[in-house]
Amino acid sequence: MTQSVVVQVGQCGNQVGCRFWDLALREHAHVNKVSLFTSDGGACGVGGRIQHLKARAVLVDMEEGVVNKILQGALREVFDSSQLLTDVSGSGNNWAVGHMMYGTAYREQIVDKLRKAAEHCDCLQCFFLIHSMGGGTGSGLGTRVLNLLKEEFPDVCRIVTAIYPSVEDDVITSPYNSILAMRELTEHADCVLPVENQSLVEIVNKIKHMSNDGKPGSVIKRDSTVISGQGGLSRTEKPFDAMNNIVANLLLNITSSARFEGSLNMDLNEISMNLVPFPRLHYLVPSLTPLYTLADVSIPSRRLDQMFSDAFSKDHQLIQADPKHSLYLACALIVRGNVQVSDLRRNIERLKPSLPFVSWNQEGWKTGLCSVPPVGHCHSLLALANNTCVKPTFMELRQRFTKLYRKKAHLHHYLHVDGMEQSFFSEAVNSLSSLIEEYHHLDATKGRLLPDAPRFGIAS
Amino acid sequence: MSVVNVQLGQCGNQVGHELFDILCSDAQEGKKEYSTVSRERFFHRTSHGELEARAVLVDMEPKVIRQSLSKAAKTGRWRYGEGSHFSQKQGSGNNWANGFCVHGPRLRDVVEEMVRREVERCDRLSGLMVIMSVAGGTGSGVGTYVTQCLRDTYPKSFIVNHLTWPYGTGEVIVQNYNSVLTLAHLYKLSDGILVHENDMVHRICSQLLNIKHISFCDVNSVIAQQLASILQPALTADSHGVYSRNPLGIDWQVHPCAGLERPRSLTGPSFNTSLANLLILRGKDVFSAETGGFEDPALYTSWLLPEAAFNLWKSPMPFKYEKSATLVSNSQALLRPLDNMVGKAWNMFASRAYVHQYVKFGISEEDFLDSFTSLEQVISSYSQLG
Ligand SMILES: Nc1nc2c(ncn2[C@@H]2O[C@H](COP(=O)(O)OP(=O)(O)OP(=O)(O)O)[C@@H](O)[C@H]2O)c(=O)[nH]1
Ligand SMILES: Nc1nc2c(ncn2[C@@H]2O[C@H](COP(=O)(O)OP(=O)(O)OP(=O)(O)O)[C@@H](O)[C@H]2O)c(=O)[nH]1
Ligand SMILES: [Mg+2]
Ligand SMILES: [Mg+2]
Chain F
4 MTQSVVVQVG QCGNQVGCRF WDLALREHAH VNKVSLFTSD GGACGVGGRI QHLKARAVLV
64 DMEEGVVNKI LQGALREVFD SSQLLTDVSG SGNNWAVGHM MYGTAYREQI VDKLRKAAEH
124 CDCLQCFFLI HSMGGGTGSG LGTRVLNLLK EEFPDVCRIV TAIYPSVEDD VITSPYNSIL
184 AMRELTEHAD CVLPVENQSL VEIVNKIKHM SNDGKPGSVI KRDSTVISGQ GGLSRTEKPF
244 DAMNNIVANL LLNITSSARF EGSLNMDLNE ISMNLVPFPR LHYLVPSLTP LYTLADVSIP
304 SRRLDQMFSD AFSKDHQLIQ ADPKHSLYLA CALIVRGNVQ VSDLRRNIER LKPSLPFVSW
364 NQEGWKTGLC SVPPVGHCHS LLALANNTCV KPTFMELRQR FTKLYRKKAH LHHYLHVDGM
424 EQSFFSEAVN SLSSLIEEYH HLDATKGRLL PDAPRFGIAS
Chain S
700 MSVVNVQLGQ CGNQVGHELF DILCSDAQEG KKEYSTVSRE RFFHRTSHGE LEARAVLVDM
760 EPKVIRQSLS KAAKTGRWRY GEGSHFSQKQ GSGNNWANGF CVHGPRLRDV VEEMVRREVE
820 RCDRLSGLMV IMSVAGGTGS GVGTYVTQCL RDTYPKSFIV NHLTWPYGTG EVIVQNYNSV
880 LTLAHLYKLS DGILVHENDM VHRICSQLLN IKHISFCDVN SVIAQQLASI LQPALTADSH
940 GVYSRNPLGI DWQVHPCAGL ERPRSLTGPS FNTSLANLLI LRGKDVFSAE TGGFEDPALY
1000 TSWLLPEAAF NLWKSPMPFK YEKSATLVSN SQALLRPLDN MVGKAWNMFA SRAYVHQYVK
1060 FGISEEDFLD SFTSLEQVIS SYSQLG
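Taken in order, these protein sequences are the chains called F and S.
Start counting the first sequence at 4; every next residue gets the next number (the working numbering).
Start counting the second sequence at 700; every next residue gets the next number (the working numbering).
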């Protein structure tokens, strides 16, 4: 059995992380209750009753508020103080403060905590890093932690869940922070799962709308895992909770193969191997279906096929993107619940004609089946698409960055920080531009029928 | 004469288990002589009288091996040896380079030692069989490495690789790379490569056996049956009425006859030119069966005499069915799938997609190019048969 460690950094990272732990524990309890599987839990490192479970996690924030709240809440038993690292004043939405100042000051302590977490694993396979791109701690210190992981554990896979700010984000410097962080993610992560707050908001609104609709037959089940934390340890729903639940479900699904049995396992180290054809192009767009289950469970087979179709539609993507009208480099389908290999094959065959794949990877599908569905669902699907549809998100971010940078707005806050130089800004934006360019080149091959590469001739 | 098997990776261990199970139950039903010969080939008796497979199990993750061991033990008829398996904690992540360059060298000593023990248990060794898939990381990468070690240690022994070829799509995106690297290496190491294509076997399950929800279990049982039918005792041309003691014992090498150049048959281009065919008949009426069709010169290349290129084995013992025939064909049948596989891999390689994943573990672009070159050579040679 392999294990993973979650490293949650900053307010967003910790809030999302805690939704994950809450739902993971609920899933564990639920599965054990119906005794499908007695598990020692894999990724969440759990065993026995919930009281005795400890999360394989490291919690980092440069202010105390968020982490303290966690310690007062229902999850307090799951963490112990040796896993936490906090300071008092936060990074003030400044990447440089997080990355340079705190990164240098806390380096030893962070490495120490990471090592301790690693020691508790008998085969550490993957680090899941969670942070926002907009604030200072998550984006700055979070990406510093990423570098430390690469230095200290070069063979352990690094998967980053990064929350991108929406256009109306209240953090004015979020474009700076995001671009500075992007460069680190592009260079040092094995995979990045980008999530946009805007998309989370839209999905949450849609679900709300559905549940208020009141049409007979469209009553939404209350206990399904994506929309609600009910049945978890924490009762009260805070702002962001509904959004964070969606991200937590992404993490639950991606780790399902490591936590439960299945007929077609997808090991975590197979994700980057199969989905990342070029080292920098490791941004995998997630989409999650179904987002809710209807109380009425008739016509299950159509529902199942609908689930597959939805995974490719615009409004199920966790970023603002339309994969169907862009170019797929590769795609993974991680399916949970009572689904057969034949269902997978049928749906891939059905959907393939409408999905443009890059010429050299027409059969770029990777699939995994885990027999245990999420709580409240009979099946679920997480699609991870390496798709050029990330390009618009990145271009828009660059535009917002340029708007600020042209006026040199707020720059001095960054340049004050020890070790921070103005060249970091230009290097970061260049890195992003060349990334965009790489996607662009691939996009340009779309629809063109490339001739097969000429093969070696053998003289007879 | 005995065969020592090495089963690697998920597929190798699942197919291997199924194979031993069929070999064991078939021998149980057979006549004394047949049964004795079969037992000696694939099993040895422990001091407690139990049947133990002459097998070594290797995987980089523990789950599949654990299942194979316990499934075998549960049959009550046979089991795997106590110290004949080796696993680690995490798989090779579908990466041939990880299996070949990292895991292979690391477990070399352990595996060689396990194989040596099995070999020493055989009164006479007729050969080694390595069972693996070509698409993942462990079976393909570690399997290739282990075959190479076996070649070094047993330079004179007959080594056969049984390979499961991947489905066209849906499981491992880099499967064509892994396959190309495996095949190019094995081509130089192995004495014979037996291939089952998952798509073909799947079709057998759906169209001939009418199975609705086809699982790997169904597929493996077809593969194991065909394989067992090749490996179980049979009467060969030179065995004079006793079961040949050497299951792998035909001369698999093809020797062109000097100066022979037959005129091509006039029936038009041959659909599938063979180098050599082995037909195995089992069950009722095997001695009166008409097999002349297999000796039609039109089936073979112009530089081989049909009688040199065709082998016929028989056994009156029914195998699974009242009558059965198994054909092992060294022919152009694999040309198209091989050409497809190499073509897709080459297209990917032209963009250098995924190559960095291999470079990371020590396989260079040069290594890829070498592999492509040798396989193009194989393709070209087979194309020129017809
Ligand atoms: N989805 C989601 N987004 C969040 C959450 N908390 C903050 N954000 C977003 O994250 C960005 C702000 O970053 P934070 O994570 O709050 O900042 P931080 O990492 O704590 O850094 P400092 O506060 O500057 O030290 C904004 O874009 C917020 O919209 C959350 O719980 N869920
Ligand atoms: N026929 C058959 N094919 C299988 C079976 N299991 C896996 N495969 C095929 O094997 C290929 C995948 O290789 P595996 O054997 O699972 O991989 P592995 O050797 O364990 O290597 P890693 O898991 O990458 O370390 C795919 O083409 C599958 O279709 C099986 O039981 N029967
Ligand atoms: Mg904060
Ligand atoms: Mg495996």
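Hints may be right or wrong, so weigh each one.
[Unchecked claim] The calculated EDC-like cross-link candidates involving lysine to aspartate or glutamate, where the alpha carbons are at most 16 Å apart (straight line), are:
1) S:773 <-> S:749
2) F:72 <-> F:264
3) S:788 <-> F:155
4) S:887 <-> S:749
5) S:1013 <-> S:749
6) F:57 <-> F:122
7) S:1022 <-> S:984
8) S:911 <-> F:346
9) S:983 <-> S:1021
10) S:1059 <-> F:346
11) F:410 <-> F:421
12) S:788 <-> F:346
13) S:762 <-> F:264
14) F:119 <-> F:171
15) F:317 <-> F:154
[Stated by the list, open to error] Covered stretches of chain F (in silico footprint by chain S; criterion: 3 or more residues with CB under 8 Å from a CB of chain S, positions within the stretch not fixed):
16) 271–283
17) 333–347
Don't read these hints as lab results, they were simulated from the structure.
Virtual Cβ for every residue (Gly too), placed ideally from N, Cα, C.
Taking the hints in turn, this is what the structure says about them:
1. S:773 <-> S:749: Measuring from Cα to Cα gives roughly 13 Å; hence the hint holds.
2. F:72 <-> F:264: It is violated: about 34 Å lies between the C-alpha atoms, which goes past 16 Å.
3. S:788 <-> F:155: With a Cα-Cα distance of about 20 Å, the restraint between residue 788 (chain S) and residue 155 (chain F) is violated, given a limit of 16 Å.
4. S:887 <-> S:749: violated (38 Å)
5. S:1013 <-> S:749: violated (29 Å)
6. F:57 <-> F:122: holds (14 Å)
7. S:1022 <-> S:984: holds (8 Å)
8. S:911 <-> F:346: holds (12 Å)
9. S:983 <-> S:1021: holds (6 Å)
10. S:1059 <-> F:346: With Cα atoms ~35 Å apart, residue 1059 (chain S) and residue 346 (chain F) exceed 16 Å; violated.
11. F:410 <-> F:421: violated (22 Å)
12. S:788 <-> F:346: violated (30 Å)
13. S:762 <-> F:264: Holds, at roughly 10 Å.
14. F:119 <-> F:171: Between residue 119 (chain F) and residue 171 (chain F) the Cα gap is close to 40 Å, so the pair fails against 16 Å, i.e. violated.
15. F:317 <-> F:154: violated (38 Å)
16. 271–283: Satisfied; 10 residues make the cut.
17. 333–347: holds (count 5)
Of the numbered hints given earlier, the model fails hints 2, 3, 4, 5, 10, 11, 12, 14, 15; all others are met.
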